[in-house]
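Visitor: Here is how the chains run, residue by residue.
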Amino acid sequence: MTTPLSARASAPTPSAAAAASAASQASSGRMQAWGTYVGLFLVLAAMVALFSFLSEYFWSTETFVTIANEIPALAVMAVGMTFVLILAGIDLSVGSVLALSAAVAAQAILVWGLNPWAAGALGLLCGLLCGAVLGSISVVWRLPTFIVSLGMLEALRGAAYLVTDSRTQYVGDAISGLAAPIAAGVSAAFVIAIVVVALGQIVLTRTVFGRYVVGIGTNEEAMRLAGIDPRPIRILVFALTGLLAGLAGLMQSARLEAADPNAGSGMELQVIAAVVIGGTSLMGGRGSVIATFFGVLIIAVLEAGLAQIGASEPAKRIITGAVIVVAVIIDTVRQRRAARRA
Amino acid sequence: MATTEAQGAGTPRVRLQQIGKAYSGTLVLEGVSLDLQAGEVMALTGENGAGKSTLSKILCGLVDPSQGQMQLDGKPFAPASRREAERLGVRMVMQELGLVATLTVAENLLLGQLPHRLGWLDHAAMRALARTQLAKIGMEHIDPDTPVSQLGIGQQQMVEIARNLQEGTRVLVLDEPTAMLTLKETEHLFTQIALLKERGVALVYVSHRLEELQRIADKVAVLRDGRLVDVRPMQGLQEHELVERMVGHAVQDNEGRPRRARGALRLSAKNLQRGAQVRGVSLSLYAGEIMGLAGLVGSGRTELVRLLFGADRAEQGEISLHAAGSPAPTQTVAPNWNSPVQAIRAGIGLVTEDRKSQGLLLSQSIRANTTLAGMHKIARGGWLQRAQESEVARHFVERLRIRSRSAEQAVSTLSGGNQQKVVFARWLHQPCDVLLLDEPTRGVDVGARADIYHEIDRMCDDGKAVLMVSSDLRELMAMCDRIGVMHDGELVAVFERGQWSDQQLLAAAFGNVDEAPSAHAAAQAATPE
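Sequence lines, in order, name chains R and H.
All residue numbers for the first sequence refer to my numbering, where the first residue is 1 and numbers rise by one.
All residue numbers for the second sequence refer to my numbering, where the first residue is 1 and numbers rise by one.
Next up, chain R with everything else stripped away, as it sits in the complex (with noise of 0.2 Å):
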């Protein structure tokens, strides 16, 4: 009697590792993610609490409403990082993205007499082309998004400068309006940054797009082979972070009154910072946009609190840094002791 035994071969088990993040990533997945949002809010309150302990006048209003106003940029870039980390990319140009927008803004306003609602939107459709173009080429040329992100840093820095001629252009209150405090100090730009927010997790948890982003950062292949083109959406993904980035650009430019050609250098990495903190990995396939928030709140409370407790500027930065990296050791601890209990 004959059964279908012989000549079997049976497949590769999952190699431990693989099969161990996997199973510790998903899904007891709602599980997970509270469990991640109550640590990061516990490591904010404690930070929280640090500062006011060893500063009288962290704990106020004042504080809080410096810290909400500070914040919006940040934040709005986050939420494109988030998606951005999920594919498995990275978006180094989001800094120079914000100049140029605000630059281009700032031109259309002095120079082409546009009134503010306008140059906005052009300031927006600016930061939506760069991230646009970023992704085409990345996918097209299937270039690492590193390398291309990398040279439009440069690039777009290089325009920003141009635009403005390598001045800080002076707006006035045109568009001060974003930075306007309108409810107990915090400004238009904090509401903004909040549903951008909400709007961010809601897409990435209960739309199709959204599954498709965080598919396509798990197994490219098999989403191709379910019939699913990772092209137009990773191209999608990238369009959306540089259109934020270009709102990010109109709140900063809100906030000075002015274009700064300068405006955030260097602001990538802070971003990456909030992002990572927030335990989205860099191998993409999971993230939360509420996490990133988390994340966001961090780094600005740190910092907010450093310089009330007097720290210079290069304790500041280092101390930053230092934060960065024990958060995510703390992260990936937490997930290698899942994976090796589960």
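Please keep in mind that the hints were generated in silico from the structure rather than gathered at the bench.
Incorrect hints may have been included.
So, partial list: chain R residues that the calculated Cβ filter (under 8 Å) puts toward chain H [what the hints assert, rightly or not]:
id: 1; residue: Glu221
id: 2; residue: Gly227
id: 3; residue: Gly285
Footprint (simulated), chain R over chain H, 3 or more residues, beta carbon under 8 Å [as the list claims (entries may be wrong)]:
id: 4; stretch: 350-359
id: 5; stretch: 369-375
Just so you know, even glycine gets a beta-carbon here, dropped at the ideal spot from N, CA and C.
Chain R is fixed; fit chain H onto it per the hints.
Guide: Same frame as chain R, but now just chain H:
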């Protein structure tokens, strides 16, 4: 390093006592007590999900047991890592090859003990040592300086095995070692195993291939649902007895079934060509019929399937689709589809050869994987309808009997058989007229296999045209109405049900087609005038 020490007659090489393992509350292994004697081959068999791989991993230090103890030569054995276990002489040859693709054969074999002079690599010594190790497994014709990525998969597996046949090995676990080996390579391996037995190494041989186990194993241990249900000498054991113990009940055999009625022509491929891998292949698929595709590894079966699905671009050829009831083609593409997106829209589905790297999103839930190809059905205007999606997932989990805690479970935690069922669910959710199956039951346990066969039958009854690539002739002969055989990129023969035998199919796979009806004649007979 000295070889294994002499044993007191009573002390087993390895003693496992009440070994248990739980993952997040689920018991994967329970109360496994087993003795491995020096110089003996213990076959470890059981369905996937029975706990074989977990037990192997515990033995070689990759995973800690939740309960129980182990002893190596009478002394407590609880390795904290695989490296520690290897240092104590307990090694495992896993199915995922642990070779570094960019390094040469010699470098891989000697990784960790590269001969050097003050830090500078001694290439001559490396080559000489590598040649000795290769000669031991009969692979002396391989140049030690070849990058491993240039070797065939069977040869890579032999290099991996050679890497683990070292001095000082006390226990060697082999996980499906012959899965990708040729007959000749398998013989070399068996010779090595015999030598290891003489040297007193205790061997664990994890496999489903009964012919091999009957040749090589002294004892066989059967795991079922995490428990050890049987340990007995191999001699005199009947195959069906073994299967019954593995599954818990008698398994039925399908071969007496008559041929299914052939429906309308669905897909017609002509002269598909891609490099040297697919050379001028023509075939036709009919509704309600399963066509099998046999052939040796490397004969081009997967490559052909990928062309039919649009996963790769053909250089020449033509594919025509016929919608229900239409004698004339309703859609023709030349040379083939631009992409899988196009093929799927035309009604073709593919269950890939390697579900883990090409089929599934391992970190995602059963739910997400099931609905992946048909997201528009559970979304409105781009917004996911969560309740609807959960219902879809629940429906398929039930229909295909996917054993899981819930549809939210990550597919990476499922057994091979259940993972494969998720892939099938995907092509039921996004239905297709033509279903291409590439090794659909590879790595799938006996129980799940029966469920999958049942589902394929059902899909056929619903009118799908099915093409099934498989390396298991038994499976093909049980399930298919026609079997095509590929050899070296060409479709060399097509056999009708009732007119085939193991020998004929194998002969055709090796290129001897004298006895077989020619593919050309069969294809002519098959296509409607």
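Visitor: Against each hint, give a clear statement of whether it holds in the structure.
Guide: Hint by hint, here is what the structure shows:
A hinted interface residue such as Glu221 of chain R counts as satisfied when its beta carbon comes closer than 8 Å to some beta carbon of chain H; here the least separation is about 5 Å, so the hint holds. The beta carbon of Gly227 of chain R is positioned within 8 Å of a beta carbon in chain H (closest approach about 4 Å), and the interface hint is therefore held. Checking Gly285 of chain R against chain H: minimum C-beta separation of about 6 Å stays under 8 Å; hint holds. Requiring three or more residues with a Cβ within less than 8 Å of a Cβ of chain R, the coverage given for the stretch 350-359 of chain H holds, as 8 such residues are present.
With a threshold of 8 Å between beta carbons, the proposed coverage of the stretch 369-375 of chain H by chain R holds, since 3 of its residues qualify and at least three are required.
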